[in-house]
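**Q** Residues per chain are reported as follows:
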Amino acid sequence: MPVNEAGEGPSTTAASETDKHAGLGHANAITRLQQEAMAFRRRTLRNITTDFTVAAKQLQPGELVKDEFFTLFEAVGALEIMDPKMDSGYIPPGDTLDPDFDPSVGLEAGEVIWIMDQLLCLEITWLEGHPLSQTVYTSLHINRLLSPDQRHSDSFHINPGPPPLRTNQDTLVHTVLRAYCIGMIKSSQLALHLIQSQTYFEEEDFVTHLFGRELLPKIDSSAAADSLLEAICWLETCGIAGGLCPALLQRCKFCLDLLRTLAGDAQRWQDMLLDLDQIKDSHHLGSPIPDAFSEKVQRQLATSTPPRPTIQISLDAAHSKWTKLCQEMLSAYELTDSDAIDNSHCLERAVWAFAYRTQPETLARAQMQDLLFSNHAVRGQMPHYDLMLTDLKSLVLAGDPLSNPEIFQIELPTDPRHACSALLREFMEKAIEEFMALYRMVYQNRCRIRRLFTQSIGIWDELQREADAIDDGLRQYPLSSQVLNSGYARTNGPLLSWARYHTSQVLVWTVQLGFETEIYLPDELSKMYWYLSALCTYRNLVIESMLRALLERKRRVRGGSRDAADCVASQQLLMSLLDASKVTESLAAALWKFYYLLGQTGIIKSPKREFAKPDLLHEARMKSYLNVPAGFVTIDLPPADGYESAVEALEQHQTGSHSMKTTTFQAIDEDLKAAKSSLAALKKYTPEQGGYVGTEAEWKKEIKQIETTCVAVAVGLSTLKRLGEKYGDGQRLGLQGLVECALERKYHVWWVIPQLKEKAAK
Amino acid sequence: MSNPAPTTQSPDQSIAYLDSLLNKTLHLHTSDGRVFVGQMKCTDNELNIILSMTYEYRRSVAGGGVVGSTTLENLAGNAVGEGGAMKKRFVGLVVVPGRFVERIDVEE
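These protein sequence lines map, in sequence, to chains E and R.
For what it's worth, the UniProt record's numbering labels the leading residue of the first sequence as 1, then goes sequentially.
For what it's worth, the UniProt record's numbering labels the leading residue of the second sequence as 1, then goes sequentially.
One or more hints might be untrue.
[Unchecked claim] Below, in silico cross-link-like pairs of lysine-lysine (BS3-like), each with a Cα-Cα straight-line distance of 27 Å or less: (1) E:Lys-746 <-> E:Lys-700; (2) R:Lys-88 <-> E:Lys-85; (3) R:Lys-87 <-> E:Lys-85; (4) R:Lys-87 <-> E:Lys-218; (5) E:Lys-746 <-> E:Lys-605; (6) E:Lys-704 <-> E:Lys-746; (7) R:Lys-88 <-> E:Lys-57.
[What the hints assert, rightly or not] Derived coverage of chain R by chain E (criterion: at least 3 residues anywhere in the stretch with Cβ under 8 Å from a Cβ of chain E; other residues may be distant): (8) 18-28; (9) 41-48; (10) 89-97.
[To be verified] Not the full set, but computed from the structure, chain E residues with beta-carbon under 8 Å of chain R: (11) Gly-89; (12) Leu-301; (13) Ala-302.
What the hints contain is simulated information worked out from the structure, not anything from laboratory work.
What you are looking at is a predicted structure, and each value in this text was computed from that prediction instead of being measured.
Note that the Cβ used here is the ideal one computed from N, Cα and C, for glycine as well.
Make a model of the complete structure from these sequences and hints.
**A** Pasting the structure below:
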């Protein structure tokens, strides 16, 4: 059977081949296939029912005969045939294999509307991450189009040569609903392709499984659009009354807009928002026909999962989900649409602003990745290497001849600029992937963002070494030595500083994302806020050294030159980055002391851990950070186990005997004061200075959120003071059992604030 | 098959016989008319059989054909055989409980 098919394929291509060897190869392949087919035919079946049964009966109860490579662990995953909960092919007594519904039968307009709306609900639940088998595939119309029996047809009829369409009901199904179904299937295929071409996590974000079906490979998206246009044409003249016609038109138009947008022929997310509102308003015109959908479809899908129920959502829910998706798609374009994409910092803010809407749909995250990464250029305009060069320039190379892109054009080997540009290029080639990953990672789901950043700590550490070696190389050339040696100490070259800057940022993000994803227990908050604060102190040192080097370079460039302007811009940016880091440092410092007090007073208790030892707990929590080598490169990085000495230092500062922890209260007040003054400084930067062009609203919002957080901490602190005065015995504060402590993230997802309340007296 | 299986085997011979079937392709006919074709991985004294890389075959026309008439040709091609078309789908790793097994064929 396969011989003929296989024989035809290669022979036609062989005819166009000039290479005779290819022809020979095909001949061999044909022979081999023939032999295989013969061997296949030679196989016979032998009935061994009796032998098998008799032999099996001789086994002891519980005794197994099994393949030695087959483990019982695997066996647990086997689906039990004939078990209604496990076997997707099980048919209960009295039931039939196929649903009792014929998709080729004509339907009333109201019924078609209802089916279309149901498909709209199912499509968005699929896009949200549910498998096709529980969503779109349950439509019996879709099922008919995709059925393997319909390989040679794209019609709802089983037999070729369908009867002519006699009534409106027939046309509504075979022209209108069919076009809508095909449009949905092709849109699904395009969405699937977009997601699969980007980074995503199977099952966590999205299920790509097609269950052995194909999404109409023979129909392309333009043919699908033509079918929809044909349907629209017919609807415009069909004369179906009662508002049903406009309702059908809206649905077809939405489907067409979706299809064209995903196919890249148009950008209709805005129009689709309007379509969606109209669809919602006319949903009541639909007359339910639940028989057009059935979970029985799962009996014929290739699947190794048990039968699962259809995911049912209301049209209102679907409307808000689709609306959210359209808005996210629009936002993906808007955020990358300004000149800001030329600036690595503005782009970074845009990326985070996008990700920090309520978690965007997988499709929107894939779209955003596509916009940033297609053809190795942001929006196809800003090549990734250029983006990295602007990043280097704005952070460590302003005013340096190295930052001039023209040096990459110099081909004369004796020109030192040629050698320097070669070194810089070498470094960029090594670092570009990890640099771009800073943008890509943010498009993953929340838990993955944290884990991916954590995994990248080691890579950034390695990049620091590479950077240091190349800095050494650069120092050998007079071109850079004038500038480099002036601004940077010998162990503190520009590329190393750049790598340190990004490492420190990644470290800070991993801890902050840990607060957001609630991986720290209440009694660990003090330590983790201490670590965050310490990391920011390190980051401040890195930025300050970059600033010092910049000021050196700035003194040497000619006033009024482009270099001078670059230096000013870089200085503003570095200062804003420093202020932002100081805000985090101070607020984290206030919080770690606050949580320390809450632990001391018994308000936050450590859970009983029978087998835990402090060093094991420490290792488990700080694992990602303990492996960062404390070599010369990362010499300033705070030791991950410095918390105890910080606590010791805090306690030593305590003076006076009559007031409990007064000095700690004072220290927290001072931290809050510092945070507020850094916030005030941060507010003064313009979007250009602070690198937040395009995300001005988000910048303002975040500052506001952190201000509120500071106030909330101050309120919590005064509550603690008051309660301490009320119940304190002077020496030691014991508030265990007297105070309720709720941990809130309501002002900012990265800041966990204790909300204290006195328990009502019993 | 090298191990003939007379009905008076000792337990050791039985185990050797069943061992010889491991990883062979079995066709298990179940009481609901389906056929499961996969490689045998494990069995026990209740005739529960675990198959891996399994395909499920089912007649698409209800009641059509006799169970025993399943031939390799119409299984392989998903084609219309003498007993009617067989619908085929991949189901992966399955355990077929012994009480539903009506017939066992081995491919040779």
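**Q** Now, for every hint given, state plainly whether the structure supports it.
**A** Hints and how they fare:
1. Under the criterion of a C-alpha separation no larger than 27 Å, the hint pairing E:Lys-746 with E:Lys-700 is consistent with the structure, at around 17 Å.
2. This hinted pair checks out: R:Lys-88 and E:Lys-85 have alpha carbons roughly 21 Å apart, not beyond 27 Å.
3. Pair hint R:Lys-87 plus E:Lys-85 holds up; C-alpha atoms about 22 Å apart against a cutoff of 27 Å.
4. The suggested pairing of R:Lys-87 with E:Lys-218 holds, with an alpha-carbon distance near 22 Å, which does not exceed 27 Å.
5. A threshold of 27 Å between alpha carbons decides the hint, and for E:Lys-746 with E:Lys-605 the separation of about 22 Å falls inside it, so the pair holds.
6. With a CA separation close to 13 Å, the supplied pair E:Lys-704 and E:Lys-746 stays within the 27 Å bound.
7. Proximity of R:Lys-88 to E:Lys-57 is assessed by CA-CA distance (about 31 Å); at most 27 Å being required, the pair is judged violated.
8. Requiring three or more residues with a Cβ within less than 8 Å of a Cβ of chain E, the coverage given for the segment 18-28 of chain R holds, as 6 such residues are present.
9. Under a criterion of three residues with beta carbons nearer than 8 Å to beta carbons of chain E, the stated coverage of the segment 41-48 of chain R is upheld, 7 such residues being counted.
10. Coverage of the segment 89-97 of chain R by chain E holds. Counting CB-CB distances below 8 Å, 9 residues qualify, and the rule asks for three or more.
11. For E:Gly-89, the interface hint holds, the least distance from its beta-carbon to any beta-carbon of chain R being 6 Å, beneath 8 Å.
12. The beta carbon of E:Leu-301 comes within 7 Å of a beta carbon in chain R, closer than 8 Å, and the hint placing it at the interface holds.
13. Hint on E:Ala-302 holds. Least Cβ distance to chain R is approximately 4 Å, under the 8 Å limit.
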